Amino acid sequence: MRFILTLGLLTLSTGAISGTNFGAINFHSSVPGDQVSAMSKDLRYLFDSPVNSPDEEFKSLLGISEVSGPAMHNWLVNRVRHIIGESFELNDQNIRVQTGYIFPRTPIPVIGSEAGLNQDGDNDGIKTIMSNLGSALYLVGKQGVKINNVMTPVLYGLNLDGQTVYATSTRVGIIQVGEGLFFKGLQVSENEQAPANSISRLGTFFHEARHSDGNGKSTGFAHDRCPITHPYANSFACEKSSNGSYSVGALTLRNLLANCTDCTEKEKTSLQLLVLDSFDRILSGANSKVRLEIYETTKKQYQEILMAYEEIAPAATGDLKTRIEAEMKKIRDLLALIDIHMALLKSDLNKVPAPLDASPEGSFRPVSLQESIRAMLTSIIQ
Amino acid sequence: MRKIILIVFGLLILSGVLLFLSKKKSSPSNEASDVVITIEKTPPSTESSTETLPSVTSGQENSPDPVPKDEESEEYAEELQVTLASLPRIEDLQALPQKDVHHTPVALRESGDKIAAIIAQAESTPKLRQETMNFLLSCAESKDSAKSIRALCWNKLIKNIPRWKIFLPLTSADVSQEVKDLASRL
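Residue numbers (this note's numbering), protein chains in the order written: chain A, 1 to 382; chain B, 1001 to 1186.
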């Protein structure tokens, strides 16, 4: 009896569970139970996320009518439908192939692992974090295989717990999640239950979800090679567009961070570096509206510094007093310069560098907001 | 003889007055003042010209012991130097394989945690703030470091000057506009 009980507990805590669904997302049986629990918690956090300071840039990037928990959740479930575990293998048993499927007659972007769509596995002890397998399957199928020296498109599908899911669009949303996502060294907080850990994982989810978008050459929002001076030089870990996966990941993190009431300052700082790392990979530079925001932020920060110096300068003496006053003059000059730049920018607010077309191609069924809300509420009740 | 006695007596009075004055000067008169002025040495920066940075810290903010003890402060500065040297350089990150850099690599995440821990420590221990600010400036100026790390340091520097009332000549900092702009995206 004790043996059976122990076995049962082991299965519950670490073992694979049969396919399940939470908040309109299917978890394949290859996803360990503890990972399902963690991701379900993340989705619940997203759905319940309070939005006290909505991020307009985030709203515009995602194309949602309002920044709210249910709207963000709906955006995600339209791009992430199936989650499979690291142990899931792409072998004959799991892959289904169908010929005769007619793909849209649109150009094909650069595909494969180099483009950042399909991440390698655990070769050097580095665990897989997450990859958008559905997008890669769609593109590989669309590119086709050589039959009698002719490239023939094939429709790939996966056997997911007895159900065949074909990649008829990048929106098929099959995401492979690895142990790396839950690796302790990658956790923002030592407290596994901390919202900061959910926010960090959700940033990764939204990043991968963006790979389910696009059409023609923008299908899958493939990454671009980072320039030679970049920390990730030569890796396909950057993007030229202003609305790709790194933009989505950065703004998701920034938005969730700004509204996190239970994050400690330490956790916030750690998450901020993730935001900056993603922003640093966007090669197109900021558009006029964002540049204006940058100037506004800078102006506000320097004004606060000036006020602080005005407060402390009277108590300073001698050379120090002279230096503080000189610095204050420089800051005032800087503020005047910022005003000039802002006035110039305001005359050209519509300058947007290289956004890619995010509308998806292929055949898929969108999930309405009502549907995703209902699915989440049902999961919560259960 | 009378003259000698008078001179000795005069000298005694003079030395007594001087002693009284010097004691008064070295006593913690900060208690009465709102603002404490501290001038101390910046730990050597990784690449930019190292300058002695004067600082003004608010006595209200830093009470009850606003002036850092030299030994303790130096020890802390050394600790921060070790942390600064441990932050991943651009070339370290460039050596990582493609699959490790698709999402934020561990080394970068760890440096975020380190910077976060330093700021949290300074938040709870005001006498560490001056050295912390010097550290953040060196970090923001470090051209060998990734832009994201430098931007985080710059952001924390800018945000904490008004909060901690510490003077740093930011306008002469050797930090590129790119780093500053990235810092403003937070």
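Simulated from the structure, these hints should not be mistaken for lab results.
Just so it is clear, the structure is predicted and the values come from calculations on it, not from any experiment.
Backbone N, C-alpha and C define an ideal beta-carbon position, used for all residues, glycine too.
A couple of the hints might just be wrong.
To be verified - Derived pair list, reagent style DMTMM-like, types lysine to aspartate or glutamate, alpha-carbon separation capped at 20 Å: (1) A:Lys-240 x B:Asp-1092; (2) A:Lys-329 x B:Asp-1174; (3) B:Lys-1127 x B:Asp-1092; (4) A:Lys-299 x B:Glu-1178; (5) A:Lys-330 x B:Glu-1123; (6) A:Lys-300 x A:Glu-327; (7) A:Lys-289 x B:Asp-1174; (8) B:Lys-1127 x B:Glu-1074; (9) B:Lys-1114 x A:Glu-310; (10) B:Lys-1180 x A:Asp-333; (11) B:Lys-1114 x A:Glu-265; (12) A:Lys-300 x B:Glu-1178; (13) B:Lys-1159 x A:Glu-327; (14) B:Lys-1159 x B:Asp-1174; (15) B:Lys-1180 x A:Glu-190; (16) A:Lys-330 x A:Glu-311; (17) A:Lys-184 x B:Glu-1110; (18) A:Lys-346 x A:Asp-92; (19) B:Lys-1180 x A:Asp-161; (20) B:Lys-1159 x A:Glu-304; (21) B:Lys-1114 x A:Glu-190; (22) A:Lys-299 x A:Asp-333; (23) B:Lys-1159 x A:Glu-311; (24) B:Lys-1180 x A:Asp-339; (25) A:Lys-300 x A:Asp-55; (26) A:Lys-321 x A:Glu-311; (27) A:Lys-268 x B:Asp-1092; (28) B:Lys-1180 x A:Glu-327; (29) B:Lys-1180 x A:Asp-224; (30) A:Lys-268 x B:Glu-1074; (31) B:Lys-1143 x B:Asp-1092; (32) B:Lys-1159 x A:Glu-310; (33) A:Lys-240 x A:Asp-224.
Unchecked claim - Among chain A residues calculated to face chain B with C-beta under 7 Å, some are: (34) Val-145; (35) Asn-149; (36) Val-154; (37) Pro-231; (38) Ser-270.
Self-check item: Hinted pair B:Lys-1127 and B:Asp-1092, Cα distance within 20 Å
Solution: Outside the cut-off at roughly 33 Å; violated.
Quiz item: Holds or violated: B:Lys-1180 with A:Glu-190, Cα cutoff 20 Å?
Solution: Distance ~30 Å between B:Lys-1180 and A:Glu-190 Cα, so the pair is violated.
Self-check item: Restraint status (C-alpha distance of B:Lys-1159 to A:Glu-327 at most 20 Å)
Solution: Between B:Lys-1159 and A:Glu-327 the Cα gap is close to 17 Å, so the pair holds against 20 Å.
Self-check item: Hinted pair B:Lys-1180 and A:Glu-327, Cα distance within 20 Å
Solution: Within the cut-off at roughly 18 Å; holds.
Quiz prompt | Holds or violated: A:Lys-300 to A:Glu-327, with C-alpha atoms at most 20 Å apart | solution = Distance ~17 Å between A:Lys-300 and A:Glu-327 Cα, so the pair holds.
Quiz prompt | Residue hint A:Pro-231, partner chain B, criterion CB-CB below 7 Å | solution = 4 Å, holds
Quiz item: Does the structure keep A:Lys-321 and A:Glu-311 at a Cα separation of 20 Å or less?
Solution: 12 Å, holds
Quiz prompt | Restraint satisfaction for A:Asn-149 [CB to CB of chain B, less than 7 Å] | solution = Violated. Min distance 32 Å.
Quiz item: Between B:Lys-1180 and A:Asp-339, does the CA-CA distance stay at or below 20 Å?
Solution: Roughly 17 Å between the alpha carbons, so the hint for B:Lys-1180 and A:Asp-339 holds.
Quiz item: Are the Cα positions of A:Lys-289 and B:Asp-1174 separated by 20 Å at most?
Solution: 27 Å, violated
Exercise. Take a quick look at whether A:Lys-330 and A:Glu-311 sit within 20 Å of each other, Cα to Cα.
Key: Answer holds: A:Lys-330 to A:Glu-311 is near 17 Å, not above 20 Å.
Quiz item: Straight-line Cα separation of B:Lys-1114 and A:Glu-310 no greater than 20 Å?
Solution: The hint is violated at about 32 Å.
Hints 1, 3, 5, 7, 9, 15, 18, 19, 27, 29, 30, 34, 35, 36 from the list above are not met by this structure, while the remaining hints are.
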